[in-house]
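When you get a sec, could you build the whole thing from the sequences and use the hints?
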Amino acid sequence: MTTIDHGALLDTQHMIPDIDAFKTSRSTAKARARKDQIMRVLFTATFVVATIPLVSLLWTTVANGAKRLNVGFLTHNMTGVIGGNPTVVGGYGGVLHAIIGTLEITLGAMAISIPIGVMCAVYLIEYAKDGRLAKTIRLLVDVMSGIPSIVAGLFALSLFAIVCGPGTFNGVEGSVALALLMLPTVCKSSEEMLRIVPNELREASLALGVTKQRTITKVVLRTALPGIVSGSILAVARVIGETAPLLMTAGYIVSTNVNLFSGQMTTLPVYVYQEYSKLTANCPPNAGASCVTTIPMERAWSAALVLIVIVLVLNLIGRLVAKICSVSTER
Amino acid sequence: MTSTTRTSERHNDALRRANGAMADRLFKGAAYGSGLLILGLLAAVAVFLLMRAWPAVAGPRSATQEVIASFTGGRFDSFVHYVGPLLFGSVLVAALALAIAFFVSIGIAIFISQYAPRRLAAGLNTVVDLLAAIPSVVYGLWGALVLVPATYPFWDWTAQHLGWIPLFAGPAANPPRTVATVALVLAVMILPIITSMTRDVFMQAPWLHQEAALALGATKWETIKLAVLPFGRSGIISASMLGLGRALGETMAVLMILSPGFGYSFNLLEASKDQTIAANIAAQYAEANNLGVSVLIATGLVLFAITFGVNYAARRLTRKATL
Numbered sequence: 001m002t003t004i005d006h007g008a009l010l011d012t013q014h015m016i017p018d019i020d021a022f023k024t025s026r027s028t029a030k031a032r033a034r035k036d037q038i039m040r041v042l043f044t045a046t047f048v049v050a051t052i053p054l055v056s057l058l059w060t061t062v063a064n065g066a067k068r069l070n071v072g073f074l075t076h077n078m079t080g081v082i083g084g085n086p087t088v089v090g091g092y093g094g095v096l097h098a099i100i101g102t103l104e105i106t107l108g109a110m111a112i113s114i115p116i117g118v119m120c121a122v123y124l125i126e127y128a129k130d131g132r133l134a135k136t137i138r139l140l141v142d143v144m145s146g147i148p149s150i151v152a153g154l155f156a157l158s159l160f161a162i163v164c165g166p167g168t169f170n171g172v173e174g175s176v177a178l179a180l181l182m183l184p185t186v187c188k189s190s191e192e193m194l195r196i197v198p199n200e201l202r203e204a205s206l207a208l209g210v211t212k213q214r215t216i217t218k219v220v221l222r223t224a225l226p227g228i229v230s231g232s233i234l235a236v237a238r239v240i241g242e243t244a245p246l247l248m249t250a251g252y253i254v255s256t257n258v259n260l261f262s263g264q265m266t267t268l269p270v271y272v273y274q275e276y277s278k279l280t281a282n283c284p285p286n287a288g289a290s291c292v293t294t295i296p297m298e299r300a301w302s303a304a305l306v307l308i309v310i311v312l313v314l315n316l317i318g319r320l321v322a323k324i325c326s327v328s329t330e331r
Numbered sequence: 001m002t003s004t005t006r007t008s009e010r011h012n013d014a015l016r017r018a019n020g021a022m023a024d025r026l027f028k029g030a031a032y033g034s035g036l037l038i039l040g041l042l043a044a045v046a047v048f049l050l051m052r053a054w055p056a057v058a059g060p061r062s063a064t065q066e067v068i069a070s071f072t073g074g075r076f077d078s079f080v081h082y083v084g085p086l087l088f089g090s091v092l093v094a095a096l097a098l099a100i101a102f103f104v105s106i107g108i109a110i111f112i113s114q115y116a117p118r119r120l121a122a123g124l125n126t127v128v129d130l131l132a133a134i135p136s137v138v139y140g141l142w143g144a145l146v147l148v149p150a151t152y153p154f155w156d157w158t159a160q161h162l163g164w165i166p167l168f169a170g171p172a173a174n175p176p177r178t179v180a181t182v183a184l185v186l187a188v189m190i191l192p193i194i195t196s197m198t199r200d201v202f203m204q205a206p207w208l209h210q211e212a213a214l215a216l217g218a219t220k221w222e223t224i225k226l227a228v229l230p231f232g233r234s235g236i237i238s239a240s241m242l243g244l245g246r247a248l249g250e251t252m253a254v255l256m257i258l259s260p261g262f263g264y265s266f267n268l269l270e271a272s273k274d275q276t277i278a279a280n281i282a283a284q285y286a287e288a289n290n291l292g293v294s295v296l297i298a299t300g301l302v303l304f305a306i307t308f309g310v311n312y313a314a315r316r317l318t319r320k321a322t323l
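Order-wise, the sequence lines are chains H and X. Using UniProt numbering, read the first sequence as starting at 1 and increasing by one per residue. Using UniProt numbering, read the second sequence as starting at 1 and increasing by one per residue.
You can trust all of the hints, since none of them are fake.
So the derived list for chain X, only partly shown, Cβ under 8 Å to chain H, looks like this:
#, residue
1, 27
2, 32
3, 135
4, 248
5, 282
6, 290
No lab work stands behind these hints: they were computed from the structure. Idealized CB from N, CA, C, for every residue including glycine.
Now the structure itself:
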């Protein structure tokens, strides 16, 4: 910018402002345009930078994971897997037990966190409105969503160690840890859904003499149901890939355990980690070509692919439910 | 006859009303209970961690020293000396990740909210959501098996040409299972959090201010600088703090990529120098005895306190901004 000469700018005798002094010179206009262009390119570039890891991650997972991903991988557990040798029943082990464990533990977490989360949202919207307590709870729900997953795992571990004695490993312990991580998400999304239920519906129901409890369950929650379902599915998608809390609560075994309440249970993310930390498998010197030393990594990639597919499908379902069943609030 | 039916009807009616009132009260109680449970849950987390960590805090000192010495190969024997380097490592990695992710996420947020046409913006939001949805263990796997070998030439080049900066003092470790690589992965992981939050804030920037700036002849960038960024300042800060909180607590990616060590080292390109609290818990947990678990939970309590503080500050900031 050129410095403005105040004498020339405002002629004191005639009081005629010199408009020309405000005129941008060609060089400054050009510089500003150039800067604008540079920033535009930079902003676009940041976006490209962010897609590189995503594309690389998805590509390598699909490319490496597809190698061992077949029906046998999905229908066998890891019993009878020794070194890099194929098992007696054929194939190189699989993730059946991990899929069962993941499903059961996640269902357990849903059974704990969804009722509490939804009821908490009901309390915040229908009963507390904007009281002091409600404000504190809202703030704490927000803060809770930032708890590190490993701390949730330590919490479940401590709780069960105090109640059932130290060294307890079982599926429901993992469910408690995951429930703690899901709860804030469920509560927050349900709260938002209850908030957009039109007030006229509540008033109409109450005016007919319906009790508050029935108004909430039959009218408010019914109206908000698609939103709550989609919010819960997204919350599940968030915790289904958690590893650290399950590593220390649900443990890891090679066989299938369907009892949520006793014994260790393998989940998919923990399976990925355990296979990764094996690095390579041993093959005896006289083993044939069927013995694969790199099999643990290949299994890890395949399990990671299964996990990603599950998470993405859950995300997709959650979004579709929200889109298809959403109640139009204005009419 | 008619009078009896009427009385029974009236009786039923009263009964139903009493039932309704009962259900009403029960439901209200359940709702209140859930609300209070949330309130108590955070306290419960702290209390249970403290109870389980108590033997390490208040138990016989010699036993605790022995456990810590076994964790660190005899390097330290007091809890403060043990948790110090871990805390340093956590903060170092998280701060680096934030430093990398900050500009990129704000750039993306501005791109989505200001530059991209609506159609494209929806697609870009999906990409950001996808980044957020990928489990941390997959990030760890990808980081350890793809990113670690792929970034070695770059770190080597950095060490050779920028080695005079103490941070990048070489030689670069090969394979680079270092703080620098871990920070890169964590940056990718916290990117969606910061992006989605700042994007929402930028979307709310008042249109009138932007139009006023444009009407005065400002370029697009000048409009952003004048009317969008100042409006979103507190949002940017709180989003970064949330990202920092997430990076502080991230376990798997660090555990799978970093080669750990117990020191206070700023040498980002050297392996076996630092370790984080979260990854250390996961790494030592399997082999720890009862008292060892107590020591690890005590370190977890430190992590909990710090992330709680960071998150609390961030949320207070947003509350203030939105009110």
